[in-house]
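Let the sequences and hints guide you as you build the complete structure.
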Amino acid sequence: MPKDNSTVEGGIGAATTRREDIRFLTGEGQYTDDINLTGQAHAVFARSDVANGVIKSIDTTAAEAMPGVLAIFTGEDFVEVGGNPAGWLINSRDGEPMKEPKRPVLAHGKVRHVGDAYAAVIAETKQQARDAVEALEVEIEELPAVIDMASAIEGGGLVHDEIDTNICFDWGWIEDNRAATDEAIKNAPHVTTLELVNNRLVPNAMEPRASTADYNPGTDEYTLYTTSQNPHLTRLLISAFVLGIPENKLRVVAPDVGGGFGSKIYHYGEEALVLAAAKKLKRPVKWTATRSEAFLTDAHGRDHVTKIELACEKDGTFIAFRTETMANVGAYLSNFSTATPTFLHGTLMAGNYTVPNVYVNVKAVFTNTAPVDAYRGAGRPEATYSIERIIDMTARELGMDPVELRRKNFVKPDQYPFASAAGLEYDSGNYDRQMDKLEKMIDREGFAARRAESEAKGKLRGLGVNAYIEACGIAPSNLVGVLGSRVGLYDAATVRVNATGNLSVMVGAHSHGQGHETAFPQVVADMLGIEAASIDIVHGDTAKIPFGMGTYGSRSLAVCGSAVVRATEKIIAKAKKIAAHMLEASDADIELKDGQFSVAGTDKSVSFGEVALKAYIPHQFPIEDIEPGLEETAFYDPANFTYPSGAYACEVEVDPETGKVTVERFAAADDFGNIINPMIVTGQVHGGLGQGIGQALVEQTAYDSDGQLLSASYMDYAMPRADDLPFYQVDHDDGTPCTHNPLGVKGCGEAGAIGSPPTVVNAVVDALQSGGHEVTHVDMPLTPSRVWSAMQG
Amino acid sequence: MAQVSMTVNGKTVSGEVEGRTLLVEFLRNDLNLTGTHVGCDTSQCGACVVHVNGEAVKACTMFAAEAEGADVGTIEGQANADGSLNVIQQAFQDHHGLQCGFCTPGMVMSTAALLKDNPKPTEAEVRTYLEGNICRCTGYHNIVKAIMAASGQDVSAIAAE
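Each protein sequence line maps, in turn, to chains C and Z. Just so we're aligned: the first sequence equals residues 597 to 1389 in our numbering. Just so we're aligned: the second sequence equals residues 15 to 175 in our numbering.
Mixed in with the good hints, there may be bad ones.
[As the list claims (entries may be wrong)] Here are some of the chain Z residues that sit facing chain C, going by a computed Cβ distance under 8 angstroms: (1) Cys59; (2) Ala61; (3) Phe77; (4) Gly87; (5) Thr88; (6) Phe106; (7) Gln113; (8) Arg141; (9) Glu145; (10) Val158; (11) Gly166; (12) Gln167; (13) Ser170.
[To be verified] One side of the interface only, derived from the structure: several residues of chain Z facing chain C at Cβ under 8 angstroms: (14) Asp55; (15) Ile89; (16) Leu99; (17) Thr118; (18) Thr142; (19) Cys151; (20) Ile157.
[As the list claims (entries may be wrong)] Okay, the calculated bits of chain C under chain Z, using three or more residues with CB under 8 angstroms as the criterion: (21) 619–625; (22) 800–813; (23) 841–855; (24) 924–931; (25) 1108–1114; (26) 1266–1279.
These aren't lab readings, by the way, just hints derived from the structure by calculation. Just so we're clear, the structure is a prediction, and the values are computed from it rather than from any experiment. Backbone N, C-alpha and C fix where the C-beta goes; we use that ideal spot for every residue, glycine too.
If you want it as structure tokens, here you go:
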């Protein structure tokens, strides 16, 4: 398993169209804001309009007298409850643990970024709550804001008064390799140095966050409907850290969720607020973010400033990578914010290469801006961008072909398992084969002719190529525990065979665009030899599903899918026992094929459906050997990360008059291991490419020096539109299977966003150089103004 | 509060609205037609596109009171009479033109308006027309492909799946 040619219609490898599409295409999807509970009230938040300030007073008298107002909460109401914690403990180079300021439900004492909520009004209608927020009399004494990371480190004001620094941690990876890396670089024949910015992004799932809480005073039970990528983790955080509601009294439901891209992994204060308000008022309380609130308060992504050095021999053999990075964590630590710039970034800093020395230094910096956390790719795009930009620069300095320089240093197929110099063990891959495929896909041989055509039109044309590797299938609990994770990162599945032979499969992963409802049944159908249409996936409701860790880090299929396989194997083992009893044979002699259990070497058989029925009507059942029922649960904890990899190429045209960049062609040759549904995988790559090209060309989150978010709407934040992007060529056939999970899958959700930013920038630099411009680097986003300015020298 | 009545998906409906109530709020909150989505507050994202008297309109740009007497169409009224997907909806499913589904109703409604005026749009025309509909999941590849397929054009030569 998996099979190359599944014998089951709609099994593994089939490009089955998605069953969930029907409800989305007819308006029958049910997103959190679509849920309206009888008697619900509405919450609206009062948010800081300054980046740093002392809350002197909040007078609620006038607001309380407004029509429809039911309750007003301020930070004072949550002083006695816990804070929203960081999920990873990172230690600094000197062994000191990171600084962990409390992140309260509502700001108390100080506000620390524009959008920081300090009060909430609950009213009969949303309009009434909004009006009453306007009537709050609030005095906030504005303080100078700490926005720029360099000045935050050098001793501007403090974001948190209770800690004496804005540096959350100063992390070295691998600290023991520091001296050897320094020495290698000092003695190297060639060293390239590049300073670059990985631009700050807003994830921008199209569905804004929303949370509705219900409280049942009769049973003291809460239900929270919320836009979450991982309902069990949200429940755990609320229960164990924030409100102390017992887990068995809190049900978290993440229904249809309109995209996440990381921003809906985390627990946010609004979820706690509506729960507390629902209990106080004994009626449901609903909150839905406006897009402006999403810009101000969703966890942002990236925001690294990096100096990277690549040392190599004269022939291009890599000797060392060394980086110094400032990573913005914003005003508070979001749940994964300390893992993202460290273990999801530094561990990938050897790339696809046999480089023997790697040292990574990351200083995480508090600023008076929104929290920054994992966004599609999370740390790995930052690593890939640094590595693949500087390799291109080194190739130019050495006068080598950038593809040949990469090939010279690639890990080769006979070197697996390969221990990278950044501390990971890559299990499989074939980077040369991806590059071979890529050069054909992009028709590299034809590039010169296409460049000549562009030049004839007065345009510059460039070709950019790069490789990437990522660590996905997050994550082996043993390993991440050593690295500071405060949670395990297994997943879980329950396979329930119903008496009439159809199946419900309850999974810990959450689908918010990934197509789990279609892809997961393909796996089970293939294993059981029954039609996928008889198998339903249940996800997103802690009252229905086993405790899983949700969807992010390209983990759903590699981790939760493996749990589905393990649970289905248990089903098969028990079903064989039942079949053996029915057929009066030994269970060792029972074979399962095409949905039939048969006795080997005979024509005696029973169908899967007959076995299912027998499990629930256990007349003459050997109950001392076999329990009634047919339902099994498995938890799966991966042995290692998975390592998707690939090679990307793009061709751009640059208008030398305006600096406008157009992506003319883009090719992606990915290795995701085995593929369950190629249509869905292709769609995932497309989406990642759209976001990666968006980062490279148009997207920029901009704060002014006072901490005002200048790009706080779609009027100001450039989302990639259809006419910014090309058709993509995508190929993920012939992958090298993952060696340590039962499906041999690696994960595909983040690849496009990880691999594509350097492709675009490499191509633009190539175009500019072809026009005689001595440009070696331009920081993203490559807007016309930046490119034009770079051409002016 | 004012009384408003209109035709929505062929049925006459009425309700009481404030002057500031948007058409999209009336559809979602008063009529429980939650297929029309709200993705922004600046009329940029296009998740709330509906048809008003046959024209594509962002339902967040119009007050409910302005739709008095209008003929309004929403995503809930797009399927064929027998409940099967219409040509545009079917093309989106066949070509994987949606992922999370949140922008999808607006995409389908905009596509219907595009194809009414331009039955065989070129790729460039489709991409330009979608300026007012933002999707964060698909990178637009399969949306553009689905729209061209829905217009009856052969899309088999378009790259990848």
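Hints breached by this structure: Numbers 3, 4, 11, 12, 13, 24, in rising order.
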